[in-house]
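Please construct the entire structure, taking both the sequences and the accompanying hints into account.
All residue numbers for the sequence shown refer to this note's numbering, where the first residue is 1 and numbers rise by one.
FYI, nobody ran anything at the bench for these hints, they're computed from the structure.
Glycine residues also receive a C-beta, built at the ideal position from the N, C-alpha and C atoms.
Don't take each hint at face value.
What the hints assert, rightly or not - With a straight-line cut-off of 20 Å between C-alpha atoms, the simulated PhoX-like cross-links for lysine-lysine are:
| # | residue 1 | residue 2 |
| --- | --- | --- |
| 1 | Lys106 | Lys76 |
| 2 | Lys52 | Lys27 |
| 3 | Lys172 | Lys285 |
| 4 | Lys27 | Lys107 |
| 5 | Lys76 | Lys108 |
| 6 | Lys171 | Lys214 |
| 7 | Lys133 | Lys30 |
| 8 | Lys27 | Lys4 |
| 9 | Lys214 | Lys172 |
| 10 | Lys285 | Lys175 |
| 11 | Lys227 | Lys133 |
| 12 | Lys30 | Lys4 |
| 13 | Lys107 | Lys71 |
| 14 | Lys52 | Lys30 |
| 15 | Lys106 | Lys30 |
| 16 | Lys133 | Lys4 |
| 17 | Lys214 | Lys175 |
| 18 | Lys107 | Lys76 |
| 19 | Lys287 | Lys227 |
| 20 | Lys108 | Lys52 |
| 21 | Lys30 | Lys108 |
| 22 | Lys133 | Lys27 |
| 23 | Lys27 | Lys106 |
| 24 | Lys285 | Lys227 |
| 25 | Lys106 | Lys52 |
| 26 | Lys175 | Lys227 |
| 27 | Lys4 | Lys52 |
| 28 | Lys106 | Lys71 |
| 29 | Lys52 | Lys76 |
| 30 | Lys108 | Lys27 |
What the hints assert, rightly or not - Ranges of calculated distance between the beta carbons of each label pair, as one might list FRET restraints:
| # | residue 1 | residue 2 | range |
| --- | --- | --- | --- |
| 31 | Ile208 | Ala125 | 40 to 50 Å |
| 32 | Gly16 | Asn83 | 21 to 31 Å |
| 33 | Gln13 | Lys287 | 38 to 48 Å |
| 34 | Asn103 | Asn53 | 21 to 31 Å |
| 35 | Phe127 | Val258 | 19 to 29 Å |
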Amino acid sequence: MSNKFVTLQEYAQHFGLIVLSGYQSLKTRKIQFMQINRPGFELTGFFDATNKNYIVVLGHREIIYINQAKKEDLIKAYDFLTNDECPAIILTWNQECPSDLLNIAKKKSFPILSTGMSSSNLTNATFSYLQEKLAPTTSIHASLVEIYSMGVIIMGQSGIGKSETTLELVKKGHKLVADDRIDISYIRNELIGEAPELLVGEMEVRGIGIIDIKRLFGINSLVRRKKISYVINLVPFEQDKPFDRLGNNVQYYQILGVNIPLLNLPVSGARSMAEIIEVAVTNLKLKDDGFDSSFEFENRMNELLRKKREI
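Okay, structure coming up:
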């Protein structure tokens with residue numbers, strides 16, 4: 001189980017829930033699972049298959065059953081559902097809370113909440129909200145720029161020029177997401193990168209210091225968060241070090257278990273890295289669309305060699 005959690009107070013405030021009981025425990029109750037429990041089995045007295053850590057939702061179906069069930073059976077169910085592990089019980093459709101349930105909850109300081117949302121809407125909204133809040137996260141030291149609508153990480157050793165290259169890309173009309181540190185979350189099968197709140201829109205440039213990108217280049221020069229598509233790794237140029245001349249060796253950089261296409265670009269003083277990165281991103285997009293320049297080159301070369309052999 002993940003150690004990440006959302007307090008019940010934060011959850012209740014986000015959805016504007018009405019607190020019927022247990023107000024004092026909102027700060028201490030933790031939500032660690034995205035799933036919702038509709039307690040059909042529990043209301044009939046079957047408790048063996050219950051996950052006590054899920055939020056419990058009482059909708060129209062549950063209240064209809066409660067209104068027809070025996071009081072002594074319901075008392076047992078209410079006592080079981082208002083346990084220490086359960087974050088809260090939520091009534092949807094602005095339904096009135098059964099009096100016996102409310103009395104038990106008040107004695108235990110157990111949170112009973114209410115909303116005008118339908119059960120299905122609350123379930124879907126809760127899942128989307130908690131999926132983002134409880135998502136696996138990590139941080140890396142690099143820059144993240146939106147280039148031709150793609151989220152591109154620019155990384156490399158200290159002093160190689162990541163921030164300077166990022167600044168040049170922003171000057172050319174691309175958009176900054178994060179500089180120096182990227183907070184990355186795995187949400188809905190995608191890696192989403194953003195800047196830490198303190199560093200949003202800020203860059204550190206050697207010799208200048210901290211600069212405000214929005215004030216320098218306008219609000220359209222920034223993007224708050226972006227799906228990560230590619231990784232560009234800036235490496236020192238070494239004369240004798242072999243590099244992939246054709247670009248047909250596919251490499252990946254792994255973040256939170258997800259493989260992202262990686263391209264190593266050698267840096268030298270005579271090269272405009274911003275322009276080379278623009279070309280690299282365009283080429284990677286073409287590969288995603290099914291066109292591989294290196295593959296096409298090899299095909300043409302093989303065809304030329306075949307024709308020469310036939311002469």
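Consistency of the hints with the structure:
no., hint, verdict
1, Lys106 / Lys76, "holds (16 Å)"
2, Lys52 / Lys27, "holds (19 Å)"
3, Lys172 / Lys285, "holds (19 Å)"
4, Lys27 / Lys107, "holds (18 Å)"
5, Lys76 / Lys108, "holds (14 Å)"
6, Lys171 / Lys214, "holds (12 Å)"
7, Lys133 / Lys30, "holds (12 Å)"
8, Lys27 / Lys4, "holds (15 Å)"
9, Lys214 / Lys172, "holds (14 Å)"
10, Lys285 / Lys175, "holds (17 Å)"
11, Lys227 / Lys133, "holds (16 Å)"
12, Lys30 / Lys4, "holds (9 Å)"
13, Lys107 / Lys71, "holds (18 Å)"
14, Lys52 / Lys30, "holds (12 Å)"
15, Lys106 / Lys30, "holds (19 Å)"
16, Lys133 / Lys4, "holds (8 Å)"
17, Lys214 / Lys175, "holds (10 Å)"
18, Lys107 / Lys76, "holds (15 Å)"
19, Lys287 / Lys227, "holds (18 Å)"
20, Lys108 / Lys52, "holds (16 Å)"
21, Lys30 / Lys108, "holds (16 Å)"
22, Lys133 / Lys27, "holds (16 Å)"
23, Lys27 / Lys106, "holds (16 Å)"
24, Lys285 / Lys227, "holds (14 Å)"
25, Lys106 / Lys52, "holds (19 Å)"
26, Lys175 / Lys227, "holds (13 Å)"
27, Lys4 / Lys52, "holds (17 Å)"
28, Lys106 / Lys71, "holds (18 Å)"
29, Lys52 / Lys76, "holds (15 Å)"
30, Lys108 / Lys27, "holds (15 Å)"
31, Ile208 / Ala125: 40 to 50 Å, "holds (45 Å)"
32, Gly16 / Asn83: 21 to 31 Å, "holds (26 Å)"
33, Gln13 / Lys287: 38 to 48 Å, "holds (45 Å)"
34, Asn103 / Asn53: 21 to 31 Å, "holds (24 Å)"
35, Phe127 / Val258: 19 to 29 Å, "holds (21 Å)"
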